[in-house]
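Asker: Spelled out from the first residue to the last, the chains are:
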Amino acid sequence: MRSLSFVDFVSLISAIQWTVMLVVLALAFGAPLGLGLATARISRFAPLRWLAASIIQVVQGVPLLGLLFFFYFGMPMFLGVQVPAILAVTVAYTLYTAGFLGDIWRGGLEAVKEAQWEAGACLGLSVLQQFVHIIGPQALRLSLPPTVGFLVQLIKGTSLASIVGFVELARAGQVASAATFQPLMIYGVVASLYFALCFPLTLWSRSLEARLDGSR
Amino acid sequence: MALVEVRDVHKKFGRVEVLKGVSLDVAEGEIVTIIGRSGSGKSTLLRCINALETIEGGEIRVEGRSVHTRMKDLRLFRQRVGIVFQAFNLFPHLKVERNITLAPLLTGRTTKAAARALAEEVLARVGLSDKIDAWPDQLSGGQQQRVAIARCLAMRPHLMLFDEVTSALDPELVGEVLKVMEEMARQGMTMILVTHEMGFARNVANRIVFMHQGRVWEEGPPSKLFTAPETPELASFIANTK
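Heads up: the sequence lines are chains A and B, in that order.
Letter 162 of the first sequence, counting from 1, is numbered 161 in numbering that gives the first Met the number 0, and no numbers are missing.
Letter 85 of the second sequence, counting from 1, is numbered 84 in numbering that gives the first Met the number 0, and no numbers are missing.
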């Protein structure tokens, strides 16, 4: 055992970068996949709608911890290869993000009136043009507050990656706490760091909600 | 050859047959007004002409080409046919200028350099030159509807369809929209309108089509139809709308 030192705080703060990296990776892969799921959910082709709905149901119905375990411990069992923690964790968070954003964005797309599609079609625009220029931007405005809200969930959710040994903010806290036997202090700092990351986003989400009444 | 030829068109919504064999010809430059009670199939017929609805039987030809037989160039067709709706359907996230220029730009009918001038030109025609930089929700209903008309005009349509375009407006705003439509009529635009504005039907239209129970019940020039209706249904309809 050693006493709490400045180094511990530095290690905690520098661990934020891994938390942020995990969030960025989850969004980089999960957001496009989520967009695909959202558009598949409103597709005219029924099997595509069902497939997307099932994926969303499964992802939302399984605890995030379950996803992490599945890809970290399950994959070696099924595939016979040990996947690196970073890979397993990225896949799990990508699916998690896609499942939730897909559902949020589907709601946004459905909230745009059918007549808007029609107005675009009547001007001779293709379905893709209608989506990109007319429906998408309106849906995005409607979905922005809940999207930012999900981002907060995602940031806090990355702490679960510590379970499979991925060193991010929460794991760094465990390490420091084990070394110094100052759990209260260490986890207090860890909690305040999460709060410092999430609180501005919560404020942003709230101000978006007030500003974007969906009409423009 | 008529610009629009509707031949024995049948249309069902589920089990309800809303069009029971409708035939109608509209010549180039003609202004045809469709009147009738709600549920008589007038709006549905208009939507079928633009292929917004599929049809179960018959044929609709515009400029000699069948509209519903899996036209590969449905988009090109729609670029030549303007339709204005009761609810305006402007794009709320775009300013007036962009509402007007979006489709001409995306379909290659104008260039970025010429787009602003195009918007100015069509807005002048509907008397809204000063609203080019406004957001749709800053406009009154009548102004929004005139922007919707300008948005169609920017596509240089050969045919304009109007689906009860004044029905959602406050009474004092109806006149400004009708004035724009009268001006378009004077300039020779082919127009098919579904309307409850009997004054407009009487004064501007070349021909009135009275629809009843999914059929063209009676048609003819306004002078004849309004003064000497042949069927009791039209007579009672006219009596009720006076």
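Bear in mind the hints are in silico, worked out from the structure with no lab data behind them.
Among the hints, erroneous ones may be present.
[To be verified] A few chain B residues that don't get close to chain A, going by computed Cβ distances all over 10 Å:
| hint | residue |
| --- | --- |
| 1 | Lys19 |
| 2 | Glu62 |
| 3 | Pro91 |
| 4 | Arg124 |
| 5 | Glu218 |
[To be verified] One-sided excerpt, in silico: chain B residues whose CB lies under 7 Å from chain A:
| hint | residue |
| --- | --- |
| 6 | Arg77 |
| 7 | Gln78 |
| 8 | Gln85 |
| 9 | Phe90 |
| 10 | Ala102 |
| 11 | Thr110 |
[Said to hold, decoys possible] Derived DEER-like restraints, expressed as beta-carbon distance ranges:
| hint | chain 1 | residue 1 | chain 2 | residue 2 | range |
| --- | --- | --- | --- | --- | --- |
| 12 | A | Gly187 | B | Trp134 | 43 to 51 Å |
| 13 | A | Leu47 | B | Leu73 | 44 to 52 Å |
| 14 | B | Glu58 | A | Pro46 | 51 to 59 Å |
| 15 | B | Glu119 | A | Ile85 | 36 to 44 Å |
| 16 | A | Glu109 | B | Arg64 | 28 to 36 Å |
| 17 | A | Thr201 | B | Arg74 | 42 to 50 Å |
For each residue, glycine too, the CB sits at the ideal point set by N, CA and C.
Asker: State for each hint whether it applies.
Answerer: To see whether the hints hold, each was checked on the structure:
{"no.": "1", "hint": "Lys19", "in the structure": "holds, 25 Å"}
{"no.": "2", "hint": "Glu62", "in the structure": "holds, 15 Å"}
{"no.": "3", "hint": "Pro91", "in the structure": "violated, 6 Å"}
{"no.": "4", "hint": "Arg124", "in the structure": "holds, 17 Å"}
{"no.": "5", "hint": "Glu218", "in the structure": "holds, 26 Å"}
{"no.": "6", "hint": "Arg77", "in the structure": "holds, 4 Å"}
{"no.": "7", "hint": "Gln78", "in the structure": "holds, 3 Å"}
{"no.": "8", "hint": "Gln85", "in the structure": "violated, 10 Å"}
{"no.": "9", "hint": "Phe90", "in the structure": "holds, 6 Å"}
{"no.": "10", "hint": "Ala102", "in the structure": "holds, 4 Å"}
{"no.": "11", "hint": "Thr110", "in the structure": "violated, 17 Å"}
{"no.": "12", "hint": "A:Gly187 to B:Trp134: 43 to 51 Å", "in the structure": "holds, 48 Å"}
{"no.": "13", "hint": "A:Leu47 to B:Leu73: 44 to 52 Å", "in the structure": "violated, 22 Å"}
{"no.": "14", "hint": "B:Glu58 to A:Pro46: 51 to 59 Å", "in the structure": "violated, 33 Å"}
{"no.": "15", "hint": "B:Glu119 to A:Ile85: 36 to 44 Å", "in the structure": "violated, 56 Å"}
{"no.": "16", "hint": "A:Glu109 to B:Arg64: 28 to 36 Å", "in the structure": "holds, 34 Å"}
{"no.": "17", "hint": "A:Thr201 to B:Arg74: 42 to 50 Å", "in the structure": "holds, 44 Å"}
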